[in-house]
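Chemist: What follows is the residue order along each chain.
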Amino acid sequence: MTAPVLVLVDHTEAGAVRAPVRELLTLASRLAGDAGVHAAWAVDGVEPSAEVVAELGALGATHVHRVVADADLHLSGVLAEALASLLDATGAGLLLVVSSFENKEAAARLAVSTGAGVVTDADGLALVDGRYVASKTVFAGTWTTTCAVTAPLAIVALKPNSVQPAAVDGAAAPQIGEHVVAVSDKARRVTLVERTERPASGRPDLGSASIVVAGGRGTEGDFSVVEELADVLGGAVGATRVATDEGWIGHDAQIGQTGVTIAPRVYIGVGVSGAVHHRGGMQASGTIVAINSDPDAPIFEIADFGVVGDLFTVVPQAAAEIRRLKG
Amino acid sequence: MSGVSAPGPVSAAPGTGGNVPRVRIVVCVKHVPDIQSERALGPDGRVVRDGGDGTINELDENAVEAALALVEASEGSVVALTVGPDDAADAVRRGLQLGADEAVHVVDDAIAGSDVIGTARVLAAAIRHLDAQEHVDLVITGMAGLDGLTSLLPTALAELLDLPALPLAAELTVEGGTVRVRRNLDHASEVLEAALPALVSVTDQANEPRYPNFKGIMAARKKPITTLTLADLEVDASRVGAQGARTEVLEAAARPPRDNRVLVQDTGDAGVRLAAYLVDNQLV
Ligand SMILES: Cc1cc2nc3c(=O)[nH]c(=O)nc-3n(C[C@H](O)[C@H](O)[C@H](O)COP(=O)(O)OP(=O)(O)OC[C@H]3O[C@@H](n4cnc5c(N)ncnc54)[C@H](O)[C@@H]3O)c2cc1C
Ligand SMILES: Nc1ncnc2c1ncn2[C@@H]1O[C@H](COP(=O)(O)O)[C@@H](O)[C@H]1O
Chain A
426 MTAPVLVLVD HTEAGAVRAP VRELLTLASR LAGDAGVHAA WAVDGVEPSA EVVAELGALG
486 ATHVHRVVAD ADLHLSGVLA EALASLLDAT GAGLLLVVSS FENKEAAARL AVSTGAGVVT
546 DADGLALVDG RYVASKTVFA GTWTTTCAVT APLAIVALKP NSVQPAAVDG AAAPQIGEHV
606 VAVSDKARRV TLVERTERPA SGRPDLGSAS IVVAGGRGTE GDFSVVEELA DVLGGAVGAT
666 RVATDEGWIG HDAQIGQTGV TIAPRVYIGV GVSGAVHHRG GMQASGTIVA INSDPDAPIF
726 EIADFGVVGD LFTVVPQAAA EIRRLKG
Chain B
208 MSGVSAPGPV SAAPGTGGNV PRVRIVVCVK HVPDIQSERA LGPDGRVVRD GGDGTINELD
268 ENAVEAALAL VEASEGSVVA LTVGPDDAAD AVRRGLQLGA DEAVHVVDDA IAGSDVIGTA
328 RVLAAAIRHL DAQEHVDLVI TGMAGLDGLT SLLPTALAEL LDLPALPLAA ELTVEGGTVR
388 VRRNLDHASE VLEAALPALV SVTDQANEPR YPNFKGIMAA RKKPITTLTL ADLEVDASRV
448 GAQGARTEVL EAAARPPRDN RVLVQDTGDA GVRLAAYLVD NQLV
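Line order of the protein sequences matches chains A and B.
Numbering follows my numbering, with no gaps: position 216 of the first sequence is 641.
Numbering follows my numbering, with no gaps: position 137 of the second sequence is 344.
These are calculated hints, taken from the structure and not from any lab test.
Think of the CB as a built atom: it goes at the ideal place given N, C-alpha and C, for glycine as much as any other residue.
Don't take every hint at face value.
Example chain A residues on the side facing chain B (calculated, C-beta under 8 Å, incomplete) [as the list claims (entries may be wrong)]:
{"no.": "1", "residue": "His488"}
{"no.": "2", "residue": "Glu530"}
{"no.": "3", "residue": "Thr616"}
{"no.": "4", "residue": "Ile727"}
{"no.": "5", "residue": "Gln742"}
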């Protein structure tokens with residue numbers, strides 16, 4: 426049994442596909458077989474360009490739906506109604522979304538309105554005996570679980586860095602269609618008074634970067650060492666709540682249970698103690714590196730490579746050496 | 208931003224001429240294993256709740272704080288509500304100690320094994336029950352349960368109650384029957400607005416939760432905790448608990464500790480060794 430898969434395409438205001446969507450499409454084309462992969466593009470002022478359609482197609486989308494609504498698709502109630510009608514129209518048995526707060530809000534609504542079973546923060550998904558079985562880590566990355574969706578419709582929110590994106594051999598150009606949604610009065614009860622998208626930093630996006638350098642209180646507010654290391658590695662910059670509360674860096678850089686959850690290939694903590702709230706957002710990282718002057722810092726309990734030392738000497742030295750080795 | 212003494216961004220409009228409308232707020236608080244403790248899943252895939260080291264979900268203290276601040280600035284009452292086994296009464300008791308006026312604990316063996324939607328159904332029924340007694344203007348939840356971190360519950364609950372949802376408030380104001388929220392998402396910041404009644408979830412940025420004082424703890428002893436069952440709420444037991452769940456945990460295992468861990472003391476070349484580690488292991 427294979428059913429079509431619907432994929433929500435997160436995109437920037439400038440019309441670029443967000444990186445983790447590539448992972449969703451790769452996973453979707455594996456799971457859908459010949460049943461088809463339907464990509465949903467919310468037309469919230471931005472149309473999918475020809476290059477975008479080609480990109481989605483190369484990653485396995487067989488259909489691209491331009492979703493047009495008579496209300497703001499940034500509102501989760503509006504998005505949920507649009508996705509519900511698209512699930513109906515495509516006959517999809519699975520909706521894949523990137524695991525973000527907005528998408529989880531839409532998923533929660535769809536769970537109520539459609540009876541779907543939802544798994545959030547999944548890091549893998551397979552079809553086993555006709556059921557979708559997702560894997561995920563829980564309790565700050567200390568446990569791994571697998572979880573089957575027992576309802577006929579599954580919604581899975583996938584964590585970035587879970588799947589290696591891959592182009593599909595001999596993919597045909599996707600069919601483009603328009604899907605118009607008439608939004609209910611109910612979904613209009615919330616007004617989006619203001620929405621400000623943060624400008625791209627020039628560095629990779631924290632949530633999906635494969636290398637992240639995070640700074641904590643130990644930096645004493647001097648993030649230049651953190652940024653220098655991130656830049657020689659082509660990585661993203663993150664922070665602890667202490668650093669964001671102090672205003673050393675924007676709140677969007679906060680890694681942890683109440684910030685961004687990340688699972689990069691490499692996490693480097695610079696002057697970060699490794700408090701449980703912070704660990705909850707990074708402990709599932711591939712390789713964990715920590716630089717801390719306190720040998721008893723809890724982060725060393727989970728570090729693959731730890732340096733007990735002063736970050737202001739160790740980190741610039743490491744950055745210079747990497748620059749030299751990479752020539 | 209969350210300086211201890213700074214007034215929190217959660218505020219109600221000052222009353223005009225003493226003519227302040229009463230607000231009745233229900234706060235949903237969850238009892239979870241302490242995140243500082245060893246947490247575990249049982250063979251059934253459920254969170255092990257062996258008593259003792261359970262606590263109120265820390266983030267729900269921000270929800271209680273938001274409710275109390277709103278009621279203090281105008282007038283009204285706060286009801287702390289929890290769904291969970293016997294131990295979960297601790298979560299609403301904490302709410303009473305902090306200053307909530309009433310506490311409701313829904314407990315029923317049939318609830319065990321509920322998924323988020325099952326839990327939301329029970330909470331929704333309890334809130335309807337409270338609303339029938341006296342109109343509820345606002346439901347406030349935490350941003351996430353620190354046990355599962357799904358963050359699905361608030362929006363699901365709003366959908367079941369047919370209320371507008373304003374999740375993830377970093378700032379919250381209620382003014383003239385309108386609730387306004389500022390929220391910070393991964394890529395954007397938003398301001399949302401809706402007319403009451405509504406549901407809001409608050410983040411840890413919204414305020415600095417108070418500690419219960421002696422007076423609060425003594426006063427809480429006199430406040431009863433109302434216990435309700437599924438029958439009291441007329442909830443169909445087959446739609447909650449493990450039977451009503453749409454997901455089933457198949458396997459759960461503690462991750463093995465990381466092996467081949469290296470800890471070096473800097474003696475002058477640790478930066479170079481760190482670089483070599485990353486390059487030799489083809490990590491960069
Ligand atoms: C409800 C709640 C939610 C929270 N959510 C989050 C969250 O999502 N994310 C988060 O990060 N935190 C969160 N926190 C806060 C968390 O508990 C910790 O307070 C925080 O993570 C600590 O940040 P830190 O490591 O930067 O600071 P500290 O714990 O103060 O650690 C600083 C470290 O720097 C080291 N250091 C100092 N100087 C140097 C030097 N020159 N060279 C090398 N090392 C040095 C010190 O040895 C120390 O280990 C939350 C807290 C609560 C209550
Ligand atoms: N069993 C419960 N009883 C009361 N409130 C709950 C319960 N489960 C979740 N909540 C509320 O919903 C919020 C989000 O939880 P979750 O969706 O589980 O991450 C929590 O912060 C609580 O306010």
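Chemist: Going through the earlier hints one by one, which of them does the structure break, listed in rising order?
Modeler: Violated: hint 1 alone.
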